[in-house]
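> Sequence:
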Amino acid sequence: MTDHQNLLAEQRRALILDEVRRRGGVRVNELTRKLNVSDMTVRRDLDALARQGVVEKVHGGAVPVVEASTHEPGFEAKSALELSAKEDIARAAARMAAPGSAIALSGGTTTFALAHHLLEVPDLTVVTNSVRVADVFHTAQRPGPTGAPRPGAATVVLTGGVRTPSDSLVGPVADQAIRSLHFDVLFLGVHGISVEAGLSTPNLAEAETNRRFVQAARRVVVVADHTKWGTVGLSSFAELTEVDTLVTDAGLSPRAREEIAEHLPGLLLAGGSGDEEPEGDG
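Counting along the sequence shown from 1, when you hit position 141 you're at 171 in our numbering, and nothing is skipped either side.
Treat the hints loosely; a few may be bogus.
Claimed, not checked - FRET-style restraints, in silico, Cβ to Cβ: (1) E269 to R57: 53 to 59 angstroms; (2) R285 to H89: 26 to 32 angstroms; (3) L211 to P295: 23 to 29 angstroms; (4) V192 to L113: 26 to 32 angstroms; (5) S210 to A128: 18 to 24 angstroms.
No lab work stands behind these hints, which were simulated from the structure alone.
Backbone N, C-alpha and C fix where the C-beta goes; we use that ideal spot for every residue, glycine too.
Please build the complete structure, drawing on both the sequences and the hints.
If you want it as structure tokens, here you go:
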């Protein structure tokens with residue numbers, strides 16, 4: 031299939047991962063024929079996917095990694111994955127935050143990347159349950175040589191709660207803080223997203239806190255790289271119909287794009303030659 035010869039490595043690996051998950055395993059020689067690339071290229075792609083922890087190499091091919099639905103990686107482990115994709119997503123999502131608006135950011139490494147880009151949006155009110163996200167804003171707000179705070183700096187509200195391995199604050203304290211608030215936009219990081227399970231997380235308490243976030247938001251924007259598609263955690267907290275826009279990267283496979291288009295009003299693919307505008311978002 032000559033169409034695959036000019037694919038970027040990231041897009042090719044997304045196709046390989048989609049094939050592995052769909053079929054339960056693939057052989058190297060099958061992928062070389064399907065993608066019309068060399069045996070060495072396929073093996074390098076499988077090595078990269080194995081390092082990301084999404085496939086397991088076996089003799090002659092690869093099989094999907096069946097991760098326990100209760101496994102929750104720590105922040106540092108997740109922060110090393112899909113760095114360029116997260117940066118592309120963060121840059122695109124930041125344009126959805128209007129100056130002077132009230133927004134919420136959930137925990138996660140993608141929302142952490144997004145927080146850095148939101149520093150340039152003036153007069154935001156930011157509610158977050160992420161210690162890392164709050165630190166980004168607090169560090170930027172430290173008074174300069176004159177002792178005065180930076181003009182237009184965000185007002186940040188940290189919810190409080192019990193800290194998770196991903197440095198999010200969850201539980202009754204966080205839930206109570208969110209319950210009485212209303213946001214123009216929620217930027218939501220997720221552990222997994224799928225047609226069947228919707229948005230999910232391996233942490234039961236985090237699922238309830240995220241559910242509160244979704245209920246309090248006028249608009250829900252999910253920020254998730256392409257590897258999150260098809261992943262299912264222990265607890266679902268929202269259906270796809272509750273999401274207004276998914277901001278992801280160009281590594282998302284064509285098959286996944288078709289499935290998402292059937293269930294979501296807005297899909298924004300970040301990166302590449304330019305960001306593709308979400309359908310149905312006006």
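> Given a hinted range of 23 to 29 angstroms, is it respected by the beta-carbon distance of L211 and P295?
Holds, since L211 and P295 (Cβ atoms, about 24 angstroms apart) stay within the stated range.
> For the pair R285 and H89, does the Cβ-Cβ distance stay inside 26 to 32 angstroms?
The hinted range 26 to 32 angstroms holds for R285 and H89, with Cβ atoms some 27 angstroms apart.
> Does 26 to 32 angstroms hold as the CB distance between V192 and L113, or does it fail?
holds, 28 angstroms
> Is it true that S210 and A128 lie within 18 to 24 angstroms of each other by Cβ?
The hint (18 to 24 angstroms, Cβ to Cβ) holds, given that S210 and A128 are roughly 22 angstroms apart.
> Do the Cβ positions of E269 and R57 conform to the proposed distance bound of 53 to 59 angstroms?
violated, 36 angstroms
Violation of the numbered hints given earlier is confined to hint 1; every other hint is satisfied by the structure.
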